[in-house]
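Next come the chains, spelled out residue by residue.
2 protein chains.
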Amino acid sequence: MSLPRIAIDAMGGDEGVRVMVEGAALARRRHDKFQFLLVGDETQIKAALDTHPQMRGASEILHCEDVVGGDELPSRALRRAKTTSMGLAVNAVKQGDAGAAVSGGNTGALMAMSKLALRTMPGIDRPALAAVLPTLEEDDVVMLDLGANTDANARNLVQFAIMGAAYSRIITGREEPRVRLLNIGTEEIKGTEALRDAASVLQDAAGTLAMQFDGFVESDKINRGQVDVVVTDGFSGNIALKAIEGTARFVTDLLRSAFTSSLRSKIGFLVSRPATELLKHHLDPNNHNGAVFLGLNGVVVKSHGSASAAGVANAVAVTARLLENKLTERIAHDLAELGEDRLRTQPANGSEGAK
Amino acid sequence: MSLPRIAIDAMGGDEGVRVMVEGAALARRRHDKFQFLLVGDETQIKAALDTHPQMRGASEILHCEDVVGGDELPSRALRRAKTTSMGLAVNAVKQGDAGAAVSGGNTGALMAMSKLALRTMPGIDRPALAAVLPTLEEDDVVMLDLGANTDANARNLVQFAIMGAAYSRIITGREEPRVRLLNIGTEEIKGTEALRDAASVLQDAAGTLAMQFDGFVESDKINRGQVDVVVTDGFSGNIALKAIEGTARFVTDLLRSAFTSSLRSKIGFLVSRPATELLKHHLDPNNHNGAVFLGLNGVVVKSHGSASAAGVANAVAVTARLLENKLTERIAHDLAELGEDRLRTQPANGSEGAK
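Here the protein sequences line up with chains C and D, keeping their order. For the first sequence, position 120 matches number 120 in my numbering, and the numbering has no gaps at all. For the second sequence, position 97 matches number 97 in my numbering, and the numbering has no gaps at all.
Just chain C, same shape as in the assembly:
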């Protein structure tokens, strides 16, 4: 099967062109059907391509000199959508020059540019940012929204659930991913009105949607492997995601200092190295790289700013799977199944703005 090519914002990411191009090359080594549109400074891209001869026939360069800054306000970046590598990569998706775009740049700017160029898909009020996280079990868990929106009403949460389930089906192969709403307790009375309303819509829709809705989940259970999709507003999702990332780093930092605290523990570390390497591999964000903007008319994937080439390759592989499995069509299909009526069973503005 031929795959639409993937536009790579070669200038985004803390590590620059070399890592983005090397990541694309790594992904291509695994799947030779991948084709790329590399967007950015032609001289730098050509230099980076020099060490990856297998990329020659598989990539085209779209030259530009402007780059979105890491700390730039999305509103400012938006004005340079036609001149920056990020803007041009997204625009290539809009024009049909590419099937998807991958960037390691400024998340807010990427979101704003993607929304403006690709527009929200029919039936979705707001797009969401979804990422995958490791669990105690084999499958990763999908969490969304992670910050595309600061708040979410019940209708938004139901749409996030549908989008997250479609994503989870693609990456886990489960027919009916187990979906839960993130809350501060599992009892029905807990949390905000928006959460309770969304739960009741999802409960009523059981059987209609290709998911198993299991109610609420607290944030200490996200990575136990009991849930495939965790749905939340962008504020809480961002708080939960960063608390998880920060704590994983915190514990491994403590472990490192414990292991170097004495000669004995240094020896113990060397002996048990294969075990700690396994742990490191499991927790390495590069192995779970690639957050996806869901709900747009096109696939845009955010690679972590500090991702390694292997991390970028993972983001590219995720992008390819979403293209192969026609993510956008799947979401549209599920929205049609649920029907606009059901999404309107709650008061249109009742929970707007509430958390």
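A hint or two may mislead.
A pair holds if it fits inside one copy or across any two, identical chains being indistinguishable in the list.
[What the hints assert, rightly or not] Within a straight-line C-alpha distance of at most 25 Å, the following computed SDA-like cross-link-like pairs (lysine to any residue) qualify:
1. 266 - 278
2. 190 - 333
3. 280 - 245
4. 190 - 119
5. 266 - 135
I should point out that these hints are in silico values taken from the structure, not numbers from a laboratory.
Once you have looked at the hints, place chain D on chain C.
Same frame as chain C, but now just chain D:
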């Protein structure tokens, strides 16, 4: 200095009377000035006291048969405030029979009973639940609110900051604890209106309050040791706290399974045991046990439901420090310093309910 006695809800907590009494006894072994009012079933308490002769002269028993259930709705529990061990322990503080109460029972019920019996202190609109968490540095970090309120406006957040700073001064000894508001970015434009308004009030009050206000913090930086007090609404705080606890458990679970995956790693584990024990000690929730309801006319401390006797002893020790250092008076003093006017610089309802 003589210390007011501490009322212990002997029936709260998953482990029952034995652990609560043993925890009190452990605390007393360290500080023989501690005196207790043990509230609960007299027969069970007497049996538990049998193995702790040093507790005899230091404790009185207040008999009752009713106990608040772990899953009971706060509203239901509230009706039995005069008959349950939890209700009577809190009531002892109200009556002046005890200086503080400690319970390992149902958090929602304890909050509801404490609010009703002790009332919110003058100048505070809503009490908050605060806990301490380990960091990479020596001092623990205080985080609040952790779920006493589902949302918080700017005025609530400013009050939480003042209460959290007073608590941090007592446990860290710092004259001006470093305070930050939890947000999804550190730029001034990030987050909700409530957060931005609270930040501007705290910035303006610099120099007046006994704290150093450092702006926003993201949840991956909570445990880096760069901040002493993290201020947030109860929903986000609960999400962050449980994500931190869950991830610490997740990583140590992965570590355990990595260490038992082969003979070599088992040997490595045995050799490096002192190092991993250090880590375990640092992360053990029992060493950070004792969440405090701040902002009430009296001290109420929530011990973790699954705390060990050592954990309960820590909660008792925290309670004693708060009594010795006159927490409530300190908060009242700081509120007076800030002045009602400053708290009113933002529109009274502008951010109400917003996140």
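Hints, one by one, checked against the model:
1. When the C-alpha separation of residue 266 and residue 278 is checked against a cutoff of 25 Å, the pair qualifies both within a copy, at 18 Å, and between copies, at 14 Å.
2. Neither within a single protomer nor between protomers do residue 190 and residue 333 lie at most 25 Å apart by alpha-carbon distance, with minima of 32 Å and 35 Å respectively.
3. For the identical chains of this complex, residue 280 and residue 245 are neighbours both inside a copy (13 Å) and across copies (19 Å), given an alpha-carbon limit of 25 Å.
4. In this assembly of identical chains, residue 190 and residue 119 lie within 25 Å of each other by CA distance solely across copies; the values are 23 Å between and 34 Å within a copy.
5. Taking the shortest alpha-carbon separations for residue 266 and residue 135, only the inter-copy value of 23 Å comes in at or below 25 Å, while the best intra-copy value is 28 Å.
Checked against the numbered hints above, the structure breaks only hint 2 and satisfies the rest.
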